[in-house]
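A.B. asks: Sequence:
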Amino acid sequence: MTARGQRARTAGELLDELEQKPEHQERQRQWKLQEDENRRRYGQAAAGLLADLEAAGFSVATLAELRQRGVGDRRAVPVLV
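Numbering (our numbering), first residue to last: 41 to 121.
Only true hints are included.
Derived Cβ-Cβ restraints for the label pairs, each shown as a range: (1) Arg115 to Pro62: 50 to 56 Å; (2) Arg81 to Arg114: 27 to 33 Å; (3) Ala48 to Gln68: 21 to 27 Å; (4) Glu105 to Thr50: 33 to 39 Å; (5) Gln68 to Arg47: 23 to 29 Å; (6) Leu54 to Val117: 45 to 51 Å; (7) Ala48 to Arg80: 40 to 46 Å; (8) Arg49 to Arg69: 21 to 27 Å; (9) Arg67 to Gly110: 35 to 41 Å.
Rather than coming from a laboratory, the hints here were simulated on the basis of the structure.
Backbone N, C-alpha and C fix where the C-beta goes; we use that ideal spot for every residue, glycine too.
Please work from the sequences and hints to get the whole structure.
C.D. replies: What follows is the structure in structure tokens.
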């Protein structure tokens, strides 16, 4: 719905307008910092398990990668438990 005399804006135009707002830019910056911190913490937390999986013959960078490969191999179970 538009106000009188105003044309409807496209989604692209609205997105361009949003991306110019300083508060949106700050939210995006904070989100990126949090994402980077989460990745760093995951790397630390998963390092031992990923090394154990590597030793068992599963060369993966993340547990999600193991799942995405559809690895149903029972050899991974003792490592994961």
